[in-house]
Structure formats: structure tokens, C-alpha cells
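Please build the complete structure, drawing on both the sequences and the hints.
Residue numbers (this note's numbering), protein chains in the order written: chain R, 1 to 572; chain L, 1 to 282; chain E, 1 to 336.
Keep in mind that the hints are not guaranteed to be accurate.
Stated by the list, open to error - The calculated lysine to any residue pairs, modelled on SDA-like cross-linking and capped at a C-alpha distance of 20 Å, are: (1) E:Lys205 - R:Gly81; (2) E:Lys11 - L:Arg125; (3) L:Lys252 - E:Ala173; (4) E:Lys132 - R:Arg76; (5) E:Lys228 - R:Arg126; (6) R:Lys148 - R:Tyr167; (7) L:Lys248 - E:Val149; (8) R:Lys320 - E:Ala7; (9) E:Lys11 - L:Val122; (10) E:Lys11 - L:Asp128; (11) E:Lys205 - L:Ser207; (12) L:Lys248 - E:Pro174; (13) E:Lys232 - E:Glu208; (14) E:Lys228 - R:Gln133; (15) R:Lys445 - L:Val182; (16) L:Lys280 - R:Thr402; (17) L:Lys280 - E:Leu145; (18) E:Lys11 - L:Ala124; (19) L:Lys280 - E:Glu208; (20) E:Lys132 - R:Glu100; (21) E:Lys132 - R:Pro79; (22) E:Lys232 - R:His172; (23) R:Lys148 - E:Lys228; (24) L:Lys248 - E:Ala173; (25) R:Lys466 - L:Phe186; (26) L:Lys252 - E:Phe164; (27) E:Lys228 - R:Val125; (28) L:Lys280 - E:Ala201; (29) E:Lys205 - R:Ser80; (30) E:Lys232 - R:Arg126; (31) L:Lys175 - R:Ala447; (32) E:Lys232 - R:Val125; (33) L:Lys280 - E:Gly137.
Just so you know, the hints here were simulated from the structure itself, not pulled from any lab data.
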Amino acid sequence: MAAQDRLISNKPTGAEPTTPVPLRPIPLLRVDGLSVSYGPHEVVTNVGFELGRGESLALIGESGSGKSTIACALLRLLPSGGRATGRVAFEGQEVLGISERGFRPLRGRAIGFVPQDPANSLNPVRTVGAQAQEAAALLDEPDKAIRKQLILETFAEVGLDNPQRIYDSYPHQLSGGMLQRVLIGLAILPRPALLIADEPTSALDVTIQKRILDLLTRLQHDLKISLLLITHDLAIAAERADALVVLKDGVIQEAGRTASVFSSPASAYARKLRADVPSLNPDRYAALRDTRFGTLKTGDGTAPKIEVSAVTKTFTVDGKTLTAVDNLTFAVPAGTTHALVGESGSGKTTAVRLLLGLEQPDSGTISVASEQITGRSPEALRSVWRHLQLVYQNPFTSLDPTWTIERLVREPLDRFRIGTRKERDEQVHEALADVGLGEYLLSRKPAALSGGQRQRVAIARSLVLKPDVIVLDEPTSALDVSVQADIVEVLLSLQANLGLTYVFVSHDLALVRQLAHTVSVMHRGRIVEHGTVTEIFDNPRQPYTRSLLASIPSGVANAAQAPRPLLMAAAE
Amino acid sequence: MTLASFSSASRVTTISRLTALRVPPTVALSFAVIAFVIAWSLAPDLFTSQSPIVGVPAEKLLSPNTAHWFGTDHLGRDLYTRVVYGTASSVTSALIAVAIAAVIGGLIGLLAGFLGGWVDIVLARLVDVLLAIPNFLLAVIVVTAIGFDTTNAAIATGISAVAVFARVMRSEVIKTRQAVFVEAAFLMGGSRWHILLRHVLPNASRSVLPLAVLQFGLSILVIASLAFLGYGDPPPASDWGLLISIGKDYLKWPWLVYAPAFVTIATVLSVNRISRWLRKTD
Amino acid sequence: MSHAYLAYAAKRLAQAFVVILLAYVLTFVVVSILPGDPITNVLRDPQNGFTEDEIKAIIAAQGLDQPIPVQLWTSLSHFVIGDLGLSMRSNRPVATLIAEVLPSTLILASAAFAIALLLAVTIAYGTQFVPKRLGQGLLRGFPSLFLSVPNFVIGLVLIHVFGFQLGLFRVIAPNSFWATFFAAVALGIPVSARIAEVLIANLDKESEQEYAAVARGRGLTEMRLFAKHLLKPSSLPVVTVIALAIGELLGGSLITETVFGRTGIGSLVQRSVSTQDLPVLQAVVSLAAVVFVLVNLIADLVYPLLDPRISLIGGRRVRPTAADDSAAATPAAVTS
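Next up, the structure:
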């Protein structure tokens with residue numbers, strides 16, 4: 001513990017920053033008593049850590065934790081109005097207080113930056129090559145042709161197949177994964193000593209996430225770059241970094257070597273965070289999930305609640321025919337959760353819309369609770385929606401911002417004319433209580449609620465009609481992991497109490513494992529594999545399923561990563 | 001001593017209340033200007049005791065002084081009084097113009113955006129046509145067609161601005177119609193009309209409000225320009241544009257132009273500032 | 001020139017043609033509902049001194065004895081082949097009347113346009129380089145101020161200050177260089193405000209984009225960032241605003257010409273309004289619509305060539321949003 005304290009200063013708020021002990025070798029980056037404020041609001045408070053050469057360190061936190069603000073402060077790219085105080089030493093030189101002119105040579109050349117959202121991180125009206133030349137300009141190489149050669153080599157180094165084509169492309173012509181490789185390439189091109197990666201994979205599909213992270217780890221070791229990884233995902237951080245710093249509301253909760261923080265977190269917050277990450281706790285809700293499942297085994301003779309058979313849907317885009325869903329077939333027994341898993345473009349969103357009758361299939365049939373969905377007019381669908389509801393992915397767009405919470409939850413009752421005025425009021429209160437929201441929220445508008453509260457309102461709206469079936473379209477993907485855990489718990493207790501049937505659509509296999517009974521894995525519009533959760537997760541037969549499972553971060557550094565030369569450890 | 005501390009304390013609370021509402025000082029000032037303009041138009045006699053029509057020939061063309069803040073005109077009438085009495089007509093006509101533009105334009109945009117299909121195609125062409133004729137020229141021929149007076153000038157100004165509202169409303173409606181919460185309302189059993197009136201209209205209107213405020217300022221300018229060309233009420237009316245128009249023949253006595261121009265500019269500037277603030281706080 | 005582009009251009013061209021025809025019809029309808037009878041108002045006005053035979057000839061020539069739809073059809077079919085008809089007051093071809101005054105208005109409008117563009121660019125790009133404490137806010141206030149001043153007031157102020165006080169030009173010589181210059185300034189200032197407003201908004205938006213932050217992280221100076229990254233995407237949409245500005249110049253010239261005592265399209269319209277010379281009004285308004293539609297058409301045709309993001313599908317402009325394999329499903333985690 002004492003050794004750890006020397007490595008990473010973790011001072012409580014208000015403590016005086018101590019002067020560094022000049023006995024050890026100077027770390028590449030030393031942050032001391034860093035605070036960032038916007039006007040009167042302090043968003044980062046007294047943060048300190050050290051990063052040695054060739055080492056990696058992860059800043060972990062949920063939204064609002066200040067982790068990205070720290071990255072901006074280190075690069076001195078805080079938005080206007082932001083003010084950073086404290087000390088940041090890069091290679092022993094104080095950089096927070098020096099002039100912009102004095103700092104600029106470090107940016108790009110000594111400190112590289114990999115952004116969060118590759119789709120918006122390159123200028124859309126300039127070619128990739130033109131922007132790569134800017135990064136190459138930081139090399140002391142006067143010949144443009146040689147610079148271009150270096151760029152193409154770097155593109156190859158980050159795993160881009162056809163460097164010349166990439167060089168000539170505009171950003172919108174490349175996929176997100178390719179763009180992130182380009183951006184990593186631009187960042188490492190001038191051979192910086194430090195690479196700051198701000199959520200480098202959160203906008204990417206899971207299988208691509210893993211490849212990008214592997215690339216970063218490989219480059220870090222091959223090029224002896226120090227990596228400051230900023231992430232919300234504890235499992236990813238633990239897998240990729242030598243040391244962890246856990247942040248909440250701009251204050252360090254816990255910091256230290258990965259092994260100790262991850263396996264035996266000391267602070268309450270880090271413990272909760274660890275417990276909430278689905279991939280680290282596959283059986284967390286097993287008891288709750290299986291409350292009724294014991295009596296409802298698949299294929300016990302009763303008719304399934306949902307039956308989808310041989311459903312195909314094509315769209316015509318730009319004159320090309322695109323098969324969004326191809327021969328989709330599955331059945332869900334009453335009172336269970338069936339998960340549709342897939343990456344973007346797998347057809348899962350189309351499947352949801354077909355299931356609700358919002359789109360009509362080209363062929364095949366869908367029935368829910370023995371009522372045919374396919375071939376119904378919108379008017380005829382209304383009676384089905386009385387029993388079949390949808391919870392949308394993003395609670396920030398699925399609630400009308402001009403309505404109060406009470407009106408929103410009452411709306412389905414009013415529309416379907418259920419009960420008397422008084423009964424409706426009671427049902428609204430009941431539904432809110434069911435999802436764990438206080439009545440004080442009734443008169444508020446969605447903007448006054450947090451993301452988690454909004455998603456609870458959305459669930460309450462679906463619930464108030466007392467439906468049998470709820471389709472959940474990535475209901476937690478817009479939410480923080482701790483909020484996700486709360487929502488999952490709400491959903492599972494509702495199922496246990498009311499016997500609801502869920503169709504749960506997700507890209508997150510770890511989450512699916514926690515709450516589903518049966519799973520269909522979708523890839524390019526087809527179901528490639530289906531079965532019970534145990535079958536799919538313990539014994540996957542298809543290579544695609546296996547690659548999906550392999551990309552779940554486990555929190556343990558995998559074999560692909562080279563052994564780390566622990567400079568810090570050597571110093572001890 | 002006690003009084004001083006008391007008043008400073010009350011000022012502090014006013015300022016802190018303003019900051020709590022996040023009203024920037026320039027916006028507060030703009031609201032103050034508008035409040036004055038409204039007061040002038042509602043009760044001009046509270047702000048001046050002189051007559052806007054009968055002058056004192058002996059006091060003609062006096063430069064601004066304590067008795068005549070804006071000086072006097074060629075008939076010896078107090079210019080400040082003329083400006084105050086002209087406010088009602090200038091403000092009302094701008095309101096008429098905005099009301100016409102917002103209601104007709106809003107309706108066209110709402111129908112085009114919500115119904116889509118051939119209704120949208122027909123209305124979109126109509127809007128294109130209205131946009132194709134330069135705004136001011138359109139206002140001029142419309143006012144020529146329906147006759148020269150201030151109310152007609154206001155109607156013409158309103159018609160010339162219909163296209164702007166139709167365009168904004170249409171794009172807002174289309175944006176809202178595609179919003180997830182609209183589909184959600186549909187799944188909750190909402191009918192087309194319920195969704196149109198309760199979800200689409202309130203949301204789409206939110207961005208029409210700042211536009212209407214902005215258009216109010218623009219209408220003051222357009223109506224003033226029409227008055228300047230002589231297409232409004234004739235003297236002795238004292239619309240701001242008319243006052244400036246009269247003043248242009250007496251440029252040796254520049255306050256006859258500058259004073260009413262200053263009031264016009266201050267009003268429009270305030271309105272524009274409020275509009276920008278509304279857009280930002282939305 | 002790809003097939004898709006040609007299809008797009010053809011569609012735009014057809015639309016432009018339809019809009020022009022409809023604008024003509026709309027103007028005709030508005031002008032036809034003028035109260036009173038132009039025959040009695042204008043032709044029988046003793047000041048014009050037409051004889052009864054001349055009046056009959058004019059009525060026949062103008063087709064005023066026909067029902068309105070027939071009149072519309074005749075006039076529209078003449079308009080399409082470029083025949084603008086005869087003035088009711090002077091019985092001269094409208095085209096000649098317009099041709100006489102057009103050069104003066106063209107000079108004024110193009111000078112005003114140049115001034116507007118120069119002013120707008122100076123203000124907008126200036127906001128990017130003038131630091132906050134050295135009056136950036138003042139610079140940002142200009143467009144708003146310019147938009148709040150009636151353009152005849154700008155004209156009167158310029159006449160008062162530069163004509164009367166400084167004696168730089170004389171109002172009785174409206175075609176002198178300085179008189180034209182100041183008329184152009186008066187006409188150009190409100191237009192510059194519109195362009196500057198859009199430019200500033202675009203520049204602010206672009207400089208807050210993620211790619212700008214990433215480029216700064218690549219070590220670019222603000223100057224290079226501006227020149228290489230922000231300039232093009234923020235200036236591209238201005239092409240559309242410029243097209244709109246042309247319409248405003250045409251409308252504004254009505255006022256400016258009156259203030260500065262110039263002859264031109266504006267004064268022609270004024271005179272036609274007061275004498276209810278319908279064919280002239282009809283022609284000027286329709287020509288203004290033609291100019292406006294053509295300038296917009298050019299802007300629409302040029303724009304896709306300048307912006308690489310825009311692809312043309314089925315004669316429509318489509319801007320792709322997200323690349324295919326970035327999970328659209330996963331926005332950044334949000335506060336709870």
C-alpha cells in the first residue's frame with residue numbers, strides 16, 4: 001500500500017499537493033493536484049497520477065466523472081471558459097503554466113491523441129491524405145514524397161489493407177473501424193512518447209472494438225509509447241492497462257496497480273462499479289431471472305407467446321436491393337426473455353419493427369399471443385399494441401420534451417380509454433412505483449430527469465397498459481453501467497412478479513447472458529445460431545458466435561499482449 | 001445609511017434573480033426597451049402632454065432641448081410626442097404582419113410537412129414561388145393591389161413573409177414527425193390527429209417562436225420602408241417610417257431623421273437580441 | 001460529369017422553369033385584383049390626353065377586353081418567348097423601358113454586392129482572429145446592428161455625413177462616382193449582415209466540431225486550422241445565402257434609388273405603381289423572379305461539385321451520415 005502511494009498520489013479533496021521526491025527517475029507524465037473548473041463549477045478536483053515510459057494507465061469513470069476533461073486539460077484543449085490549475089509535468093517539464101506557443105510543439109509531436117468518435121474526427125471535406133500530411137508535417141522531413149511514403153507505411157502498420165486508396169479517400173467513404181485506424185495512424189506517425197486515447201472504441205461494434213484495442217496494445221509495446229486510456233469500461237481498462245485510476249464526479253475514488261484495484265477494490269465505488277459490469281458478473285441475476293423459468297421450460301407443449309416464422313424483409317436503397325432480415329424464425333415461450341444479439345447492420349432493428357407491425361414483411365408470418373401481426377392495418381394493430389409494447393433504446397428521444405411525466409405515463413391509458421379518470425390516476429402511480437420512481441417527478445418534464453429516470457418513465461409507460469409482451473430495443477445502451485444495472489434489476493423483478501415475456505435486443509453479449517433465457521445470434525439479416533443461454537455461451541458452434549464471445553472484455557490481460565516491462569515496478 | 005444599504009441589497013437580489021434565470025444583461029436591457037415601446041403604444045398620453053398634430057409655428061425646427069427632447073419639426077410640433085404617438089401604429093402593424101405570416105405560413109408548413117405526398121409537393125412549389133419574388137417587391141405589389149394605408153402595408157408585409165414561416169414550419173414538422181417519441185405515441189394508441197395536435201404541433205412551434213420575434217423586428221423595418229415610399233397612412237399620421245421620410249426633406253435639421261431612426265433601431269435591435277436569446281435557451 | 005449529376009441538373013432545371021411560370025401567374029393574379037379599372041384610371045386620365053380611338057387601340061393591343069384567364073394565357077405565352085408587351089402609359093415596349101434603366105441598377109447592385117461580400121468576409125473572418133478582449137464581441141455585434149437599421153436610414157445618414165457635412169458628393173448628381181459608391185454602401189450593408197451572420201454561425205459550429213479538436217491535438221496553429229480546415233466547410237453553405245442576397249439587392253434597390261434620387265428599376269417600379277402601369281409591374285416582378293431562380297439554380301448546380309460529401313441519388317442531394325460499421329446503436333454513455 002505504501003509503495004502504491006508513492007506511485008500514484010491519491011489525495012483527498014483539499015489536500016496540499018506535495019512536492020515530488022526527486023530520487024526516482026522522472027516519470028514521463030506526472031499530474032499533481034489538477035483541478036478544472038468552468039466558471040464556479042469544479043468538474044475535476046485535485047487529481048494526481050504518474051505514468052512511466054512505456055507504461056499504460058487507464059482513467060475510468062462514468063459520464064460526468066471528468067475523465068475526458070482531464071484528457072483535454074493535459075492537451076490544453078479545454079473548451080473556452082475552462083480553467084485548469086495544479087501541476088502537469090511532461091518529461092519533467094512543467095507544461096500547464098507555459099504559453100500556448102511554448103506548448104504547441106508538444107502537441108502531436110510528443111503527445112498524440114486518439115479521439116472517441118472516429119466518424120466526426122476528420123474534416124469531412126478534405127481527403128484523408130491531406131489531413132495525414134498535417135501529421136506528417138510534424139516530422140522533420142522536407143520531402144513531400146517521402147512523407148507520403150511514411151504515411152502509407154503507417155497506414156499499413158495500423159492494419160489498413162490498401163493504404164493508397166485510404167490516402168485518396170474522403171472520410172465518409174470509410175467505415176468507423178477504418179477511420180479509427182486512420183486516426184491511430186495519424187497519432188503515432190510523429191512517434192509521440194505519450195498517446196492519449198479518449199474512449200477510442202465506444203462508438204464501434206464489439207468485434208471491431210477488440211481489434212482496435214489489440215492494435216493499440218501492440219503499438220504501445222512495439223513503439224514503446226506510453227498509453228493513457230480513458231474509458232467507462234472497467235473490464236477493458238483492466239485488460240489493457242498497468243495501472244487504474246477510478247474517478248467519480250471529478251474526484252479520484254481509488255488508484256493503483258491494475259491487479260490490486262481490479263481484484264480487490266478498496267473503495268465502495270470501485271466495488272460497485274466492478275459488480276455492475278455484466279461481463280464480470282455473468283450470474284448476478286440468475287436467481288431473479290429463473291424465479292419462474294423452472295416451471296416454464298422451452299418446448300413443454302404450451303403454445304409459445306411469440307412465433308416468428310420464415311420472415312423476410314428487403315429494402316430498396318439507391319436502386320440496390322438490401323435484405324435486412326432473411327428467413328427469420330424463432331419462438332418465445334410465455335414469461336421468458338428471448339435475446340436477439342447482433343452488431344450494427346445485423347437486422348435486429350428491422351426485426352423489432354416487424355415484430356411490432358411497424359413494417360410489414362415481404363413473406364413469413366409473425367404472431368404474438370396467438371394474434372397475427374402480419375397483414376394487419378394500422379387500425380387493427382392498435383388492439384395488438386394494447387398487449388404488446390416497445391421500450392426504445394434512447395430515453396432522450398423517446399419522450400416528448402413538451403409533456404410532463406404524468407401526462408406521458410397517462411397517455412396510453414387515455415388513448416385506449418382504459419378505466420375511469422380516477423382509476424387511470426391510480427394506475428399511473430402504480431406504474432411509477434413499479435419502476436421505482438417517486439411521485440414528486442409527476443409534474444416534471446423529461447429534461448429535468450436523468451437518463452436512468454427517463455428510461456424508467458419509458459418502461460412505466462409501456463407497463464401501464466399491463467401488456468403481456470414487451471420488446472426492449474437496447475434499453476440500456478445509452479446509459480451508464482451502474483444505471484444499466486438498476487434498469488436490468490427493475491426489468492427482471494417485473495418479469496418475476498407479472499410473468500412478462502420479453503424480447504431483448506442488444507449488441508452486448510455479456511448483458512444478454514445476465515438476463516436472457518434463450519438467444520438468437522443475428523448476422524447480416526440471418527440467425528446464425530440459436531439456443532439457450534447456456535448452450536450459446538458455453539458451447540458456441542458457429543465461428544461468428546465464437547468471435548463475438550471472444551470480444552467480450554474479460555478484465556484479464558490476454559495472451560496476445562506482450563509481457564510488460566514494468567518500469568515503475570523496477571523503480572520500486 | 002440604512003436606506004443606502006437597503007437599496008443596494010435589493011439591487012443585489014434583482015441581479016441574482018436575473019442570473020438565476022440566466023438572462024444576460026443585454027437581454028434584460030432589450031426587454032426594458034420593449035416594455036417602454038409597449039407602454040408608449042398603449043398609453044401615449046402618459047409619456048407626453050403635447051399634441052402630436054397641432055404645432056406651435058413659432059417653435060418650428062428647434063434642435064433637441066429640455067422642453068423638446070427630440071426637437072421640433074417644420075410645423076413646430078414636438079418630435080418626441082410624434083414618435084410616442086406613432087408607436088401604436090408601428091407596433092400594431094408589425095404585429096398584424098407577424099400574425100398573418102405565422103398563421104398562414106405555419107398552417108401551410110404544418111400541412112405540407114405532416115400530410116406529405118402531393119399536398120407537400122403542391123405547397124412546396126407555392127412556397128418556392130413566394131420565395132422567388134424578392135420580399136420587398138412582393139410587399140410593394142400586394143400593397144399596390146389592396147390600397148395604400150398602414151394596415152394594408154402590414155398585410156402585404158405579412159404575406160411577403162409567409163414563405164419563410166412555411167419553410168421553417170415544414171422542416172420542423174418533418175423533423176418532429178420522424179422523432180422517436182412520435183412513433184412511441186403511435187404505439188401508445190394515439191391517432192393521427194392526436195399526434196399532430198398534441199405532439200407535432202407543440203414541438204414544431206418551439207422554433208417558430210424565435211422566428212416570429214425576429215420577424216416582428218423585420219416587419220417594423222419593411223413597414224417603415226413602405227411608409228417611407230408613401231405606401232402607408234399619409235400625414236399627419238406619425239408612423240416611424242413616415243417621420244423619417246418627412247425628415248429626409250429637412251436634412252439640414254438632421255434630428256428629424258436621427259431621432260425616429262434611433263427609436264426604430266433600438267426597438268428592432270432589442271427584438272433581434274431577444275430572438276437570439278430565445279433560440280439559444282430553447 | 002456523371003450521369004447522376006446530369007439527372008440532378010435536369011430535375012433542378014425543370015423545377016426552376018415551373019417556379020418561374022408559377023411566379024408569373026401569381027404576379028398576374030395579384031396585379032389583376034387591383035381595385036378600380038386601369039382603363040378608366042390610366043387611359044382616360046385627362047393628363048395622358050389619349051383620344052378615344054387611341055384608347056380603343058391600346059385596349060385591343062393589351063387585350064383588356066378579353067376575360068382574365070384569356071388575358072393570362074396570352075400574356076404568359078408572350079412572356080415565354082421573351083415578349084414583355086407594351087407599357088399602358090407610354091405605349092412603348094416594356095422591354096425597352098427596362099433596358100433603359102437596367103444598366104444603372106446593375107451597376108448599383110453589383111457594387112453593393114461586392115461591398116456586402118467584402119464587409120461580410122472581413123467581419124466574419126475577423127471574429128476568428130480578433131481576441132475576445134480586443135473587441136471580438138463588438139465585431140460579432142455588427143451583423144445584428146446592420147440588420148436592425150432600415151436601409152433608407154443608412155442612405156440618409158451617408159448623405160447627411162458625406163454629402164452635406166463633408167461635401168464628398170452632391171445629391172443632385174446621383175450618377176457621380178461617390179454618389180454611386182455611397183448608394184452601393186447603403187444597399188450593401190444589410191445584405192452583408194445576412195452573409196456575415198451565416199458565416200459566423202458556420203465558423204463557430206465548425207470550430208467546435210470534433211475534427212477541429214483532433215486537428216488541434218495534431219499540433220496545428222489556429223491560423224492553419226482556420227485556413228486548411230474551417231474555411232471551406234463554413235463558406236460552402238454561403239453559396240446558398242448569396243443567391244438569396246440577390247433577391248434582397250433587387251428589393252432594396254427600390255428604396256436606395258429613391259433615397260439617392262437615381263433612376264433605375266426601382267424608380268421604374270415606383271412610377272408604375274403610382275400610374276398603375278400593370279404590364280411594367282408584371283414584367284419587372286417576373287424578371288426579378290427569373291433572376292432569383294437562375295441564381296439559385298446556379299448555386300444548386302455548383303454546390304454538389306464543391307462538397308465531396310454530397311452524393312446525387314435519383315436527382316436528389318443526399319448527404320451520408322454515419323459510416324456503416326460504427327455502431328449507431330451506441331451513443332456515448334449519458335449522465336444518470
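Are R:Lys320 and E:Ala7 close enough, with their CA atoms no more than 20 Å apart? 18 Å, holds
Hinted pair, alpha-carbon criterion (20 Å max): E:Lys232, E:Glu208. Please report holds or violated. 15 Å, holds
Would the pair R:Lys148 and R:Tyr167 pass a check requiring their Cα atoms to be no farther apart than 20 Å? It holds: about 9 Å lies between the C-alpha atoms, which stays within 20 Å.
Is the hinted pair L:Lys175 and R:Ala447 satisfied, with a Cα-Cα distance of at most 20 Å? Roughly 19 Å separates the two Cα atoms, so the pair holds.
Given the hinted pair E:Lys11 and L:Val122, is their Cα-Cα distance within 20 Å? 16 Å, holds
Taking 20 Å as the top limit, are the C-alpha atoms of E:Lys205 and L:Ser207 close enough? Since the Cα atoms of E:Lys205 and L:Ser207 sit roughly 19 Å apart, the hinted pair holds (cutoff 20 Å).
So if I understand the rule, the pair passes when the alpha-carbon distance is 20 Å or less; does E:Lys232 with R:Val125 pass? 8 Å, holds
Has the given pair, E:Lys232 with R:His172, been kept, meaning a C-alpha gap of at most 20 Å? Between E:Lys232 and R:His172 the Cα gap is close to 17 Å, so the pair holds against 20 Å.
Just to be careful, I want the Cα atoms of E:Lys205 and R:Ser80 compared with a cutoff of 20 Å; is the pair within it? 14 Å, holds
Restraint check for E:Lys11 with L:Ala124, where alpha carbons must lie at most 20 Å apart: Cα-Cα ~15 Å, so holds.
Restraint status (C-alpha distance of L:Lys280 to E:Glu208 at most 20 Å): 16 Å, holds
Does L:Lys280 pair with E:Leu145 here, judged by a C-alpha cut-off of 20 Å? This hinted pair holds, its Cα atoms lying about 19 Å apart.
The structure shown violates none of the earlier numbered hints.
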